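A.B. asks: Residue numbers (our numbering), protein chains in the order written: chain H, 1 to 419; chain R, 420 to 585.
Derived from the structure by calculation, the hints contain no laboratory data.
It should be emphasised that the depicted structure is a prediction, and the values quoted were computed from it without experimental measurement.
When the alpha-carbon atoms are kept at most 20 Å apart in a straight line, the in silico EDC-like pairs for lysine to aspartate or glutamate are as follows:
(1) H:Lys156 - R:Glu523
(2) R:Lys577 - H:Glu47
(3) H:Lys373 - R:Glu458
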Amino acid sequence: MGMTITEKILAAHSGRDFVEPGEIIDADVDIVLANDITAPLSLEEFEKVGAEKVFDQDKVVFVLDHFTPNKDIISAENCKKIREFSKKHGIKHFYEGGRCGIEHALLPEQGIVVPGDVVIGADSHTCTYGALGAFATGMGSTDITYAMVTGKIWFKVPESIKFLCYGEWNRWVTGKDLILHIIGMIGVDGALYSAMEFDGEAISNLSMDSRMTIANMAIEAGAKNGIFRPDEKTMAYVEKRAKRPPRVFESDRDAQYKQVIEIDVSKLGLKVACPSLPSNVKDVEDLKDIEIDQVVIGSCTNGRLEDLKMAADILKGKKIAPWVRCIVIPATPDIYRDALKLGYIEIFADAGCIISPPTCGPCLGGHMGVLAKGERAVATTNRNFIGRMGHPESEVYLSGPAVAAASAIAGKIMHPEGF
Amino acid sequence: MIIKGHIWKFGDNIDTDIIIPARYLAHTDPGVLGQHCMEPLVPDFSKKVKKGDIIVAGFNFGCGSSREHAPIAISALGIPIVIARSFARIFYRNAFNKGLALMEADIYNMAKEGDEIEIDVFSGIIKTKDTTVKAKPIPPFMVELIEAGGLMNYLKKKLEERHENL
Ligand code: SF4
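Chain H extracted, bound-state conformation:
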C-alpha cells in the first residue's frame, strides 16, 4: 500500500519503512521553534526538569516577534530571559531587533526549514512550512521543551485529505481566497487531526508566497498540517537559501486518503471571512456598505513581498480614506528591504499608510494597532475570533491584500476592481 507525503516524512523520521494513520510514533525533529510568548513557559519547564543542554544548538530556534519591539516591561523581561538562555546555550538561530521577522515568514526565507523536515513550533501557524514539502505542526510549550531536550517527540500519524485544484486563476485571486473558500466549505474543524494535502495544476501555478499563505491557514480548518509536493518552484526557492540539504518526498499514486476534494479555481472570486470565525466566508461582492476603521496588511499569512506588491499596485497614487488607519507590516527585514528597493514603501507612505517594523503586533491584538470597542478592521491575517485584535466588541474581517488595499481607499469593504 502506498503512503502520502506526510506518512513518508514521518516514517523516515522514526526509522520505519511504513507508517499508517492512527499509529503513535516517536519521531526525530529537525527544527524546534518557540517565540517570545511561548518560549518563556518552555524555558521554565527546561529549568524545572533540570535539563543541562539543548539537543542541538543549531536546531533550536527562537524568534522574538510577537510583542516586539517590546511593548511593556513584562514582555521585555520575557525577551531578556530568552536572550540570556540563548547566549548561555549557544543557540545559533536567535532572532530579535533588526534581524527579526515574523517567524513563519523568516524561517523559510532564511533557509532554516527545508523540504522533508519534521518541524515543531510552539506556535499554531508552524504549519506554514508545509508549503516547502516539510511536515510542520504547532504544539504547546511543554512538548517543545521535551523536544528541545531530547530531539524527539511523539506523533499520532494523521489521516490525509487531498485538495485537488485545477483551472485558471482569476485576476486578484490568490492562495488566501482559496484557503478561505476551503475553510468556508469544510468548517473550522473540517480537517481536525488530519493532514491537508494540496495538489493539482492550479497549485503548480501558484507562487511560493501564495502556497505559504495556504499552508499557514490549515490550522484554521483544525488540521495537524498542510503540505505541498515540492516542485521546480520549491527547489528554486530553496536552492539559494537552504542551510541543510533538502529531502524530497512525494505521495504515492496508491496512497490512501480520507477524502479527495476537487476545486475549480476558475470559479473562485475574492473572499472575505466575516466575524467571528475564519469559516464565516462570503464573496466580497456580497458585502455592501461595511464601513471600517482600520486595515492591516501583514502577518505570517500575507506579509510577504507578493502581498505587498499587490497592495502597492492598488494603492499607487491613491489616498487612504479619511478616518481609516492603514497599517502595513512587511513580515521580515529582507521583505522590508525589497519593498523599499522596489518603491512599494514610498507608495504606502504617499498613500498615508502607517509602516510598521516586522512584528505580529495587531494580528493578535498585541500592540501597534489594537481596536477599540465597536471598531471594525479588514486584515490580511488569519484569525477573526471575538476580541482577536482588541476589544471583545471589535470586529475583524479577513481578506487577501487586494481587498484590504481597496477597502483602505474606499473606507468600506470593497472589491479592487476599478482602483
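Once you have looked at the hints, place chain R with the ligand on chain H.
C.D. replies: Positioned in the frame of chain H, the structure of chain R with the ligand alone reads:
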C-alpha cells in the same frame, strides 16, 4: 478516578482567544491567567466559577493558537476536566501535558448548566441528574501520560535515568 462537579456550558468552537485573550499572554503566572479565563464571553467567570466545577462544551473546543496559557488558565480555576463533543488537537496535547483531563463525549444536549455531573475517567461512564452514558474512555497513551504526572515528570524521570546510566 471519579470526578464530580457542577456544569458550566459553552458552545462550539470555543477558541483560545476566548479561553485566555492574547493581551494577557506576557504573563506566565497561573493565578493571573485564571483571572482572565473566558473573559470575552463571561466577563467575571473567574469569580463565579467554583473549584471543582466542570466545563461541558460543543465541537472543536480549544481551537486557535498553541498557547499553553489556555489549559493553565482553566486548571488555575480548579476545573479538573473539560468534556466536549470534540477538541482542537494542539489544545488536546497541551491539556494532558499540563495535567488537565479532557474527555470526548456527546453530552452537550443532556447537560444542564449548574447541574451536578459525575465522570469515571478510566471507564468513560458519565452520570448526570437523570441519565447515564458511556463515552469513549481516555486513550491508554494519554492515561499513561497522566499517570506519569504529565509530560515534564516523564521527561524528568528519563533524564534521571540517563544520568544514572552515565
Ligand atoms: S502574525 Fe499573527 S498568526 Fe502569525 S505568528 Fe504572529 S500572531 Fe501568530
